[in-house]
Amino acid sequence: MEHHPETELVHGGRPQGPGSTLNHPLVLNSTYRAGGPRGYGRSGNEMWDALEEVVGALEGGEAVAFSSGIAAVTAVLDQVPPGGVVVASKPIYMGSWGQLEERSAQGRIGVRWVDMADTAAVLEAGQGAALVWLETPSNPTLEIADIAAICAGREPGTRVVVDGTFTSPLLQRPLALGADVVVHSATKLIGGHADLLLGIAVGDAACAESMRTHRTDYGAVPGSLEAFLALRGLRTLAVRLERAQANAAALAAMLAAHAQVTRVLYPGLPDHPGHAVAARQMAGFGTMLSFEVAGPPERATAVCERVEVFGHATSLGGVESLIEHRGTKDWERRMGTPEGLIRVSAGIEHPDDLVVDLARAIDRACAG
Numbered sequence: 001m002e003h004h005p006e007t008e009l010v011h012g013g014r015p016q017g018p019g020s021t022l023n024h025p026l027v028l029n030s031t032y033r034a035g036g037p038r039g040y041g042r043s044g045n046e047m048w049d050a051l052e053e054v055v056g057a058l059e060g061g062e063a064v065a066f067s068s069g070i071a072a073v074t075a076v077l078d079q080v081p082p083g084g085v086v087v088a089s090k091p092i093y094m095g096s097w098g099q100l101e102e103r104s105a106q107g108r109i110g111v112r113w114v115d116m117a118d119t120a121a122v123l124e125a126g127q128g129a130a131l132v133w134l135e136t137p138s139n140p141t142l143e144i145a146d147i148a149a150i151c152a153g154r155e156p157g158t159r160v161v162v163d164g165t166f167t168s169p170l171l172q173r174p175l176a177l178g179a180d181v182v183v184h185s186a187t188k189l190i191g192g193h194a195d196l197l198l199g200i201a202v203g204d205a206a207c208a209e210s211m212r213t214h215r216t217d218y219g220a221v222p223g224s225l226e227a228f229l230a231l232r233g234l235r236t237l238a239v240r241l242e243r244a245q246a247n248a249a250a251l252a253a254m255l256a257a258h259a260q261v262t263r264v265l266y267p268g269l270p271d272h273p274g275h276a277v278a279a280r281q282m283a284g285f286g287t288m289l290s291f292e293v294a295g296p297p298e299r300a301t302a303v304c305e306r307v308e309v310f311g312h313a314t315s316l317g318g319v320e321s322l323i324e325h326r327g328t329k330d331w332e333r334r335m336g337t338p339e340g341l342i343r344v345s346a347g348i349e350h351p352d353d354l355v356v357d358l359a360r361a362i363d364r365a366c367a368g
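For the sequence shown, my numbering begins at 1 and goes up steadily by one.
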């Protein structure tokens with residue numbers, strides 16, 4: 001019997017059979033006795049298997065867990081042949097940007113930066129490219145790339161990778177839309193409680209085997225406890241997403257009507273340029289939004305310093321709502337991030353508390 005994803009989240013990766021434990025026991029082990037399928041702990045762990053089983057089933061591929069999201073990014077980018085060209089978006093997650101810039105500066109790869117919301121520009125830039133790297137919704141400007149259109153129009157041999165950190169496997173399934181690989185920082189929505197570092201990449205069998213080899217050879221292995229916590233976090237992903245998405249929508253509506261807010265970036269708003277594409281390829285509009293307030297960029301910092309319910313911190317995807325002033329660093333400005341951009345990760349608190357807290361912080365910051 002085939003189940004809905006919400007059911008797979010709860011029941012996948014559990015031991016089966018009479019007398020088995022309901023939850024997968026935490027395996028703390030560095031080596032195995034000879035004669036079995038495992039040898040040294042760097043090559044495999046039962047907790048990784050359980051987590052990978054669930055995420056792979058949700059994404060429709062074979063999942064490989066890593067020590068962090070950027071470790072998963074590294075494993076995928078290391079598959080680009082020397083001299084190969086990568087097409088990537090601006091802005092993009094800092095870690096991915098750093099990887100691409102460093103490899104390009106070393107002459108290992110070429111990078112073509114492009115607006116991922118412009119499908120025609122992506123396909124033109126992708127001519128002769130080894131890989132197209134999509135981040136949709138993008139971090140931190142929430143731009144939307146048309147995954148299906150880009151995958152359908154690419155040249156044969158060009159691989160498409162999608163960073164799905166902002167959506168999780170429940171809101172967007174890039175492999176079903178034609179992508180070759182999807183990567184997640186499981187630190188974020190999948191784990192959901194800001195208590196672990198872990199990454200996951202999902203592809204076909206050949207790609208997964210290559211990534212497993214990379215993980216073993218370069219030591220980018222997740223801890224057993226981290227895999228256990230990520231799997232436990234997955235169990236509640238559906239209910240967390242439902243509440244957090246509703247909160248994000250409520251915050252976006254308040255911001256769109258606020259006199260001191262000059263721009264709101266949230267794909268759930270009908271006037272968002274990528275709204276129609278997001279509605280087509282996503283099962284919800286996500287938990288992230290960004291906005292700008294009137295006045296100098298320093299006012300964005302003042303807003304973040306005046307919240308009481310929100311946590312003033314980086315990262316995203318946890319049960320707690322977070323707020324952060326982006327565009328303050330040189331690399332962000334080089335990527336085109338507005339200097340006064342404020343990024344919000346909606347958590348699962350009561351929506352009224354979040355709306356009142358953020359509106360009050362904006363009013364106080366703008367009052368001086």
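Source of the hints: derived by calculation from the structure; they are not laboratory data.
Please note: incorrect hints may appear among the correct ones.
[Said to hold, decoys possible] Below are the EDC-like pairs computed for lysine to aspartate or glutamate, each with C-alpha atoms no more than 16 Å apart in a straight line:
id, residue 1, residue 2
1, K90, E242
2, K329, E339
3, K90, D115
4, K90, D330
[To be verified] Per label pair, the in silico range of CB-to-CB distance:
id, residue 1, residue 2, range
5, A250, D204, 47 to 57 Å
6, E209, L28, 19 to 29 Å
7, R334, E209, 28 to 38 Å
Heads up, the beta-carbon is just placed ideally off N, CA and C, and yes, glycines get one too.
* Hint by hint, work out which the structure violates, then give me just those numbers in ascending order. => Hints 1, 5 not satisfied by this model.
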